[in-house]
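Visitor: Line by line, the protein sequences give chains B and L.
Letter by letter, the first sequence follows residues 1 to 521 of the numbering used here.
Letter by letter, the second sequence follows residues 1 to 779 of the numbering used here.
The hints are simulated quantities; they were obtained by calculation from the structure and are not laboratory data.
There may be inaccurate statements among the hints.
To be verified - DSSO-like mimics (lysine-lysine), calculated; alpha carbons at most 27 angstroms apart, straight line:
| hint | chain 1 | residue 1 | chain 2 | residue 2 |
| --- | --- | --- | --- | --- |
| 1 | L | K642 | L | K617 |
| 2 | L | K207 | B | K454 |
| 3 | L | K617 | L | K376 |
| 4 | L | K119 | L | K155 |
| 5 | L | K19 | L | K58 |
| 6 | L | K171 | B | K454 |
| 7 | B | K440 | L | K171 |
| 8 | B | K454 | L | K210 |
| 9 | L | K376 | L | K399 |
Since the model is a prediction, treat every value here as computed from it, not as a measurement.
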Amino acid sequence: MIMAASSQVFKLIHGRRFGHILVPALTCQHCSQTPPPIFNPTLSHTFNQRWQLQSRGYRASPSWQTYYLTPPQVNSILKANEYSFKVPEFDGKNLSSVMGFDSNQLPANAPIEDRRSAATCLQSRGMLYGVFDGHAGCACAQALSERLFYYIAVSLLPQETLIELENAVESGRPLHPILQWHKHPNDYFSKEASRLYFSSLRTYWQELLDLSVPGEQPDVSEALVSAFKRLDNDISLEAQVGDPNAYLHYWVLRVAFSGATSCVAHVDGNELHVANTGDGRAVLGVQEPDGSFSALTLTNDHNAQNESEVERVRSEHPSSEAKTVVKQDRLLGLLMPFRAFGDVKFKWSIELQRRVLESGPDQLHENEHAKFIPPNYHTPPYLTAEPEVTKHRLRPQDRFLVLGSDGLWETLHRQEVVRIVGEHLTGVHQQQPIHVGGFKVTLGQMQGLLQERKARVSSTFEDLNSATHLIRHAVGNNEFGTVDHERLSKMLSLPEELARMYRDDITIIIVQFNPHVIGGQ
Amino acid sequence: MAHYSNSLYERLEEETGVKTGFVRTGSLCLAQNQDRLLSLKRLASRLKILGVSCSLLKPREVLNLHPMVNVHDLVGALFLPGDAVVSPPDLTLALATAATAHGVQILEHTSVTQVLVEKGHVTAVETDRGTVECDYFVNCAGQWAYELGQSSEVKVSVPLHGCEHFYLLTKPLSEPLPPETPVVMDLDGRIYARAWNGGILSGGFEKNPKPIFTEGRNQLQIHTLQEDWDHCEPMLSALLRRMPSLEEAELQQLVNCPESFSPDGRCLLGESPVAGGYYTLAGMNSSGLSLAGGASRFLAEWISFGYPSANVWPLDIKRFGSLQSSRTFLRHRVMEILPLLYELKVPRWDFQTGRQLRTSPLYDRLDAQGARWMEKHGFERAKYFVPLGKDLLALDQSKTFYKPDWFDIVGAEVKCCKEAVCVIDMSSFTKFEISSSGDQALRFLQRLCANDLDVPVGHIVHTGMLNERGGYENDCSVVRLSKNSFFIISPTDQQVHCWSWMKKHMPKDPQIHLEDVSWKYTALNLIGPRAMDVLAELSYVSMTPDHFPSLFCKEMSVGYANGIRVMSMTHTGEPGFMLYIPIEYALHVYNEVMSVGQKYGIRNAGYYALRSLRIEKFLAFWGQDLDPYTTPLECGRETRVKFDKEGGFLGREALLRQRERGVSRRLVMMVLEEHDPDHDPWPWWGEPILRGGDLVGATTSSAFCFSLQRHLCLGFVTGGLLAGSPTPVTPDFLSRGDFQLEVSGQLFPAKARLYPFTSLPVQQRPRQAPLEITGLHGK
C-alpha cells in the first residue's frame, strides 16, 4: 500500500520537473511518506548554493517585500520545532548527571536540511545528542539522524549483550530496545528503509561480535570512531549494491550522493565525549566563580579556517594537487566542510560513480548534476567521515553543553552563545528567593534588586526553551546584542527562496548538567 | 463595630494596667485619582451616618499631618482623626488580663479535638487535656476555624480561607516619625504604612495574593513561612513612591503573616444553623484587631440576649451555607477578596470567581441570548440582556460611579415590561414546602407569620416572619396549596437563615414536614400587560383578572407540561404571573412561552429591570431594605399584620407597643430632583438623607425610574429626638421638610414620599432638540 501510494506521488513529481516547476516545499512530515526526489533542477540550485555561495552576509536588502509579523506570530514560528526533555526524577532526586535538554530548529532551506537526534542508551549507559547538517538535500542527514546512534550504541555494547542481541534476532524473539528516542513530532523516521538499515546494522554487530573480547568494555572514543566510519561505509556500500526495490534503490543513492556533517555528544556520568565530523560545534558553558559564563569549545571545525585540517587534506594527496585540493577555502573549490558523511562524489573513483549512475534508476540519467564530476578529481577519496573525538571529564562548574549546526555559530560568537544560554538558564531556574539576614539593606537598594530580577524574568519569560531563546538572539540580535523585534520579524518573514541568502538552517541542542550529581561523583 | 473597639481599647490600659500601645494617631486615606476621591467621599458620607468624624483634605493639607508623604500625584485625602493603633500582642494580653479578672479561665497549649453536639445543641468540648462541658461554644480559631468547624460531630461550615499577607519593618529612621503620626493608606498603591518603633511598618493587599493552607492543617508551618521579596516588589515600589525618603531607611524584616478571608470580605459572626449554641467569630479579612472589640460585643449580646443590639445580617454566618464550603471555591474566591480590600468599590460590582455554581436549567439558553450575570448565594441571575450586535465595555472600564453602560438596555427591558411582556428567570428564590397531617402546619405558620394564613386554598399571602421585637426575620410569600400544605417563597439568601429560623421555632412534632424544594422548581416571571395573553394561549384558560384574580395560585398546564404552579404576582407590582415549573419542564415551558410570546413582543429581562420596577412601586426587599430590626409598621405594611388573629403571632406585643408609641423610623421613597443622570454620580445605597441640613436617615436601595426619568431611593428616616424620646415620623414631617440626599459628597434636593405613585406617566424619552442647522447654511 505504502509503496503504491508513494510511487504515485513520485510519478506526479517526476512529471512536473520537465516543466521546470518548482516543487512546492514538502513539509517534513510529508517527507516521511514520500521523500521528494532530489535529482531535479531544484536540487542543483540548492546544491550549487551550498557549495558556491561565496559571500554569505547579513546585508540589509531594501528590495524584499516586508510584511511584519506580530510577536505571537514570531513566537509561533520560533517555537514550532522546540522540544524539551527533563530526565525523570527518582524519589524527588535527579540522579543523572544530565538534568535534561532543550532543542530547536529554524529552517532556512525548504525543506530544512538539518536534522537532530537525542536518545538514551538503554543497554549501555549514557545519553546521546547529535546535530546533523545536510547539504545537497536532506537525505544523508536524515539517514544519520536515524542510524548513527544505533551504530554508536551497538559499538558500546559488551560482548555478552551482543550475543544476546544476535540470539534474539536469530530465534525471532523480541529485542530489548537499544535506544529510547526523545523526538519532536516533526522528527521522523523513514519506514521503507528500516529493514535495509536493520540488516546493515546486524552485519555490523556480527562483525563486532567476532572482534570483541569477552568481559571487555568497549572504549567510548574508539566506539564513536568505529561507528562513524562504519555507517559512512555502509551508506556507500548500499548505494553501490543497490536494491531490487526501485524506490529504495533510488533512496540509498540519494543518501549517498547528498552529504551531512555530524556533531555527536555522549554523556555517561561525568564522562563527556564529543565526536565531530565537519563544521558543527560543541561548546561547553562554564560558570566562573563570579557567576559569569565562559565558553570551552570541545570540537575543531573541519574546514578551511582550520589550518591543521587544510594540512591534513593536502598531505593525503600528491603535492601536484596542493593548489586544487583546497581552493577558495573549499574542498576542490566546491565543498565547505572538509569531513562529511555521504558525498560519494568526493569519495568514489570516477569509474565507480559512472557505473553506479548507469545502473541506477532512470531519473539519474537525465540529471546533469549527477553526471557532474568535481574538477581536478585525480586521487579520490578526498573526503572522510572519520570524526575527531574529544574527551572531557565534567566538573561542577560545567553547566551546559551547546551543540549547534554552523547556522548558529556563523551568527553568534561562542562566547555570546554561552552568555545568552547561561543567563537564560539561571534566569529561569536559579532565581533563588532573596533572604535578608544580617545584611544592611536599604529599601531603595532592595527595590533596585527586585526590579532588576523582575526585568530578567520578563525577558526570559517568553522562552521556556533555552534553544528557542538562543535562536531568537541568533536571528534577531541587533548591534547592541539585544533582540530587535523588527529585525526578527523581517528575518522570519523572508520568502522561502530568499531566506537561504540571509541565514542557514539553525539547529541547537542544549544539554543541562546536574552540578550536584557531577560534584558528588 | 470598629468604633466600639476603639473606645474599648482606649479604656483598657486604664482598666487593666497592661500597656496596649494605644495611640490615637488618626488615619489618612489617599486618593490618586478622581474615582478614588469619589469613593472616599462616599466613605465620608457613610461615616457621617455612623457618627464617625472625618474630613476631606486637599493634597497640600496632607503634608501638615504627615511630613513624609509625597503629595504630587494625589488629588485628595480623607482624614479620620479618631483612628488609633495598638500593639496586638499587648492588647491581647490586656484583654486576657481583664477577662481573667472577671473570672474567665484561660487554658493555654490545649488543642480542641472535637466539639460534641447532642440533639442539635452543643454539649461539650473535647480537648487533648480532657472534656469541658458547655452550653455555648465559640469558634474563633482564626485560620483554623474552618477545620475546627469540620471537626465537630455535626459539621459546621465556616467558609474562610487563608492568604499570605506581607508587611515589612524598617529599623529606626534617622529622624524618627512621632508616634502619633497618622497611619497612611494609599489605596491606589495598595499599601498602608504606619510608624513603628521609630521606624516604619508597611504592608499591602496585592493584586495577586497567595492563598495558603488550602489542604488544611498546617499549624506548624505558620512559623516557617517564607518571605517572598519578589512578590512584594510592587508594594515596596508603591511605598517608595509614596514616601521617597524611605529609600535610605534600613530594612529590618519582611514578615509573612497569613490572614483569613471570607467569601464576601465581611466577617463571619453568629450561631451556626446546624448546631445550637455553636457560635463563630472568624474570617476577619485582615481587620481582626479593629473589629474584634465590636464584633465580640455583638456576639456576647447574641449569646446573652438571643440577639445582638444592631442589624448584623451582613455579617451573619447564616448568609452562607455548606455550598460555600468547598476549598476550591474558597481558594479562588479569597484570591479575589484580598485585592478587593483596596480596590475601588464601585456600585453593582459582581464577584468574578467562584461562579456558575448554581444555575437554572435555562442558563445556557439565556446566556446565548446575551445575558450578563450576577450571583446571589451561589446562584447565577441575569442582570440584563445585551442585544445582538451591541457591545458593552470591558469589565474594568465598566466600573463607574456614574451612568453605567447598560442604562439603555435596562431602559428597554423596563419599557417592555410595562407595555408588552417580559420573562425573568427567578429560579434563585428560596422555596420551602411545609405540610402536616392535621392543621399543625397552619398553626405553626400562623404563629410565625404576622399575616393571616387561614385563607382559602389557592390564595397567596405576603407576610413577614417577625422576631420578638417585631423585626423582619424573613419577608415571604406563602401559598396555601391545600388545606394543610403551604408553599413558601423567600429571598435567595434566606435559604440557610429562614430554614434555621423555622426549624428553631417548629414544634417537635413528627407530623410537620418541612422541605427545601428550591432546587425542584424553575421560576419564570412573566411581567407585563400581555402576560395573560401569552399564558391564555398556552393553556387555553382565560387568564383575565376576572378569571384569575390577583394573588392567586393555580396548578395548571402550560404547553404540554402539566402541574405548573401559576401565581398571579410578579414581585414588581406590575401585572403578570410567576410560573413555578418542575425542573424537567423548564426548557419546554420557556421555549413555548418565548415562541407564543413573540407576537406579543416578548423578550428576556434581568434583575436590574426588576429592581427599577419594584422600587418605583415602593416594594422593599428583605436583605436590602428590610432587616431583623425593621418592623412592618416602619415600612407601611400594617395591612399585612393581623393583630387580632387567633392565637397571636411572634412579635405581636412588640408591634402593639410600637403602634402605641408611634413610629419614629419610617421607610420612605426619595425622589431625587435636579439630578442629571448623565453627568452626576448615581446614588447606590447608604447615602445620607438630610432634612433641613440635619441628618435624618440613610438610603437602603436605589434605582433609576424610567417612567419618571428620575432616580428613586428607598431609605429610612427617623423623626429625631424631642425631650429625650424619639418623635414619630408623620406625613407632615415629610411633606414640610426640606430634604436633601448626599450622593458622593454632592447634595441633591429630594422629595420624600410615604406611598408609591398611584399613576406613573407613560414612559417618554426626552428627545434631544434637533440641531439648528438651517441658519448655518444661509442661502
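Visitor: Could you tell me which of the numbered hints above are not met by this structure, giving the numbers in increasing order?
Guide: 5
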